[in-house]
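Chemist: The chain contents come next:
6 protein chains.
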Amino acid sequence: MTEPIATRFPVPPLDKLPEDIRERILAVQEKSGFVPNVFLAFAYRPDEFRAFFAYHDALMEKDSGLSKAEREMIVVATSAANQCHYCVIAHGAILRIRAKDPLIADQIAVNYRKADITPRQRAMLDFAMKVSREASTISEADFGALKAHGFSDDDIWDIAAIAAFFALSNRMANFTAMRPNDEFYMMGRLPK
Amino acid sequence: MTEPIATRFPVPPLDKLPEDIRERILAVQEKSGFVPNVFLAFAYRPDEFRAFFAYHDALMEKDSGLSKAEREMIVVATSAANQCHYCVIAHGAILRIRAKDPLIADQIAVNYRKADITPRQRAMLDFAMKVSREASTISEADFGALKAHGFSDDDIWDIAAIAAFFALSNRMANFTAMRPNDEFYMMGRLPK
Amino acid sequence: MTEPIATRFPVPPLDKLPEDIRERILAVQEKSGFVPNVFLAFAYRPDEFRAFFAYHDALMEKDSGLSKAEREMIVVATSAANQCHYCVIAHGAILRIRAKDPLIADQIAVNYRKADITPRQRAMLDFAMKVSREASTISEADFGALKAHGFSDDDIWDIAAIAAFFALSNRMANFTAMRPNDEFYMMGRLPK
Amino acid sequence: MTEPIATRFPVPPLDKLPEDIRERILAVQEKSGFVPNVFLAFAYRPDEFRAFFAYHDALMEKDSGLSKAEREMIVVATSAANQCHYCVIAHGAILRIRAKDPLIADQIAVNYRKADITPRQRAMLDFAMKVSREASTISEADFGALKAHGFSDDDIWDIAAIAAFFALSNRMANFTAMRPNDEFYMMGRLPK
Amino acid sequence: MTEPIATRFPVPPLDKLPEDIRERILAVQEKSGFVPNVFLAFAYRPDEFRAFFAYHDALMEKDSGLSKAEREMIVVATSAANQCHYCVIAHGAILRIRAKDPLIADQIAVNYRKADITPRQRAMLDFAMKVSREASTISEADFGALKAHGFSDDDIWDIAAIAAFFALSNRMANFTAMRPNDEFYMMGRLPK
Amino acid sequence: MTEPIATRFPVPPLDKLPEDIRERILAVQEKSGFVPNVFLAFAYRPDEFRAFFAYHDALMEKDSGLSKAEREMIVVATSAANQCHYCVIAHGAILRIRAKDPLIADQIAVNYRKADITPRQRAMLDFAMKVSREASTISEADFGALKAHGFSDDDIWDIAAIAAFFALSNRMANFTAMRPNDEFYMMGRLPK
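Chains as they are written, first to last, in our numbering: chain A, 33 to 224; chain B, 33 to 224; chain C, 33 to 224; chain D, 33 to 224; chain E, 33 to 224; chain F, 33 to 224.
Calculated directly from the structure, the hints in this document are not laboratory data.
Among the clues, some could well be false.
No copy is singled out in the list; a pair is fine if it fits within one copy or between any two copies.
Each computed DSBU-like pair below joins lysine-lysine, with the alpha-carbon atoms no more than 30 Å apart [claimed, not checked]:
| id | residue 1 | residue 2 |
| --- | --- | --- |
| 1 | Lys-132 | Lys-48 |
| 2 | Lys-179 | Lys-63 |
| 3 | Lys-179 | Lys-100 |
| 4 | Lys-63 | Lys-48 |
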């Protein structure tokens, strides 16, 4: 396999893309050194591209009672339960970097109950998994359990919204056979 | 219960909302005669509101090889599997109107395999359910089955993307205890 | 589809049916204005018809600590979990009428945990669902939880027996592809 | 435990029972040498007793394209899947006697796929299990598979109706903690 | 079927087997009066035979805070959940003998929650089932629940190790279609 | 956490261990540069230690129609399904080394259906997963599917036996909270 395929669907050439999408792609390439395949996969549908990344940024880039590493923990735990190749590998890399911990992503992907996390983070992931796997059974008691760990209503929305957004993302990645770039596998594993 | 609560989270007063969001809400109120609670629930988070409805419109309002009624069938079938109160009731109403069929929404909500739909629509819903429930097992054979019914690659993306978007939507509605407006229950049930 | 089919199996002509069965069918037609398809489907097997409706009446028509509306709640909740087209639509209609509530049946069918019911009714439905879905795990603790809501041992038998009877009924309706009569969809939705 | 309890609910004294029920119980005692606990458990509710045994007899005692042993195979296989103590032990005994085979009941209870049965009986049990576990997915293809083994539409009704009736029976036995009589365990295990 | 087949794989003739394996087989034959098919099935792979029975003996034959009957209860309960024909029938026989109770094995195989066991044995089987079915969720709380019944850490290891060993054994028996010897069905059912 | 704990149970000091076990531990330390925690965890029970590693070596070290890398693929895929922290991390490392492929272990752990493997290896893992998750449904058709890919009966035994052995191993690792050594995470990720 000389050049792995980013996604099952065609990837439009960069110069055929709408200006705003091309700029976003070039910006991430400049910052990361490569273009994560999720950008190429969604470029096939510009309107969905814009909504997807706007939603992503609204949850993952803003200020929150959850640290950026904690938000990535939610992504990795729920994406592993959904067996999402792209999301576990790519966001595992981001989690290692944001948590400055080379082991944490693999631990959470395999079994978050055994990971080196705090009881507060464990409660956060228990709830994220409930949103991801059986949201129809969420009740006020679940909010109570999280508040006992100091989470605010806004923090709880963040947990739920991230788990919900990646429910979408995992399904699109599995559907399009989105491939994680080879670069992600090693990111954050070696001390800087 | 004199006035049912739209959602577990606070609903900001209309005059405190950003201009674009207030306008969208007023427009839907003008068109429908009431404000569907999903608009009030997401108004708590303006950035997520914008991304959510941009994504929704990109899938549900555009031209597609799927009719608007067929797209609502996907919403109702997958939302029923997720036991999403808001989405089944509200989109059931929209499906009745778009299909001009007062029975179809209840049929699909209970058991789409027994609904009065075409074999092509049955194949569409089988795939939508696979995206919704076990996307990690999707394979090229699933594309083949859909193509045998005349669906194009773009149609298949539409089916998957709608199922994936409502995976997000169902989880947010269940999490926020979003309540369907009473108006939805009767919409499309009587001949015009 | 000019005339929808009531069931996969043949429906004997009325004048070939045993006297008692014909009378029961004519009586229900007189009362309801149409013959619910469950009567036509079971008429194929007169002995099973008699036992089925005797069992049904013993549970649903007698005096009980459960109101008739509450008994229909059990039918709708468990039939929805079993994806039983006939039972959700037909008993949803009966529930709307008996509860004098046009919204309650759809709420319970989609997710009874989000329905406008009392905590006592919620406990009743939690137990009915346990009988329906995992009766092998019922223990004395389940009886205790119901007694805390004021249910007597006889009430608890009624809950369990209704859930158990519709476990049979749902399977027969799904097996025979029993179709709910079109009349049921609108019953009880409009104020009298 | 000097005298095991037949059921969680009270058992009315024989002389307080309605005449027809007392007669049925005495008849079975005369024939079997003991009163199977299912008769005592249902005696608590005479109307349900009558309907239950009328239904049972309509399926299990009549002429059918299925032998009586085959009908008991369906009971044992589906009751084992429902973890129904009473039905597996009591109907296991009846199956051994009707099949004149001391091994068959245990084989079917543990894993019917490994039992010493014919391919036709295997197809019968596959379908019975589908009725018992996921009746909502039954389709015309299932009828085709059975017809390939020579089953008629009436035979197929019998298979489904037995699986459906014991869906009720298993739930009532688990709910009432119905205990199989000690006599059942050895019945049919020794050559006559 | 004049002579049932012990296993899907060939059984080497006794005189071709390594000395230690032949001796073990002759010893068990001398003691039991027949050769349990598990010995014939594993004889196909001498190294695996030796490791399998060494592991078995290390758990089942040694001194332990669990009685030998209790250890067989664990085997029967978990093997029933895995639908393992050989293990339920063969170890059911051993359980009857070790517990001197002709009913206990069938009770535990069908639904251990309804068996005539002590609360301590019930806690033991609850934990064994958790090891067998969802070991990834075991937490320190599970150890606490067992210690409340007087189990030591070593007893808990024994429970878990037996459940884990028969997770292996059940899979090998199902894979090789290992057949329980006819002798097992009646063992321990009659008073000595 | 200055020194992570290898396992929930005590680890005996090396000089208190039986000679053969101490030698095995020292040999693996010499070869690997550290003592994998599985050796320390099982050292608590010398007889089980000996049987466990004898079984392991009989399957993983011998000549086979499966390459050593392929055998590790089976371990990683089934251990991921069982959410076994130790086995996925430790055997993921071994797989990377034996396959000389830094990406393959993470791919198989997340979703083996999307991994860069041959159709033959895909069939091997499909069967291994069936042994691991639902061995009671294995039938002769499964053997046929593997033979179509050139697997012999002995190869198929190897696949099944490895999946079955790690069913045991995963349960013991989850039960003892066995921790993968930090060294495993990076092994095989960098070119030599």
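Chemist: Now tell me, hint by hint, if it's right for this structure.
Modeler: Hint check results:
Taking the closest pair of Cα atoms, Lys-132 and Lys-48 never come within 30 Å of each other, the shortest separation being 38 Å inside a single copy and 39 Å across copies. Neither within a single protomer nor between protomers do Lys-179 and Lys-63 lie at most 30 Å apart by alpha-carbon distance, with minima of 37 Å and 40 Å respectively. Taking the shortest Cα distances, Lys-179 and Lys-100 sit within 30 Å of each other inside one copy (20 Å), while across copies they are farther apart (40 Å). Proximity of Lys-63 to Lys-48 under the C-alpha cut-off of 30 Å is restricted to the intra-copy arrangement: shortest distance 22 Å within a copy versus 37 Å between copies.
Of the numbered hints listed earlier, those contradicted by the structure are 1, 2.
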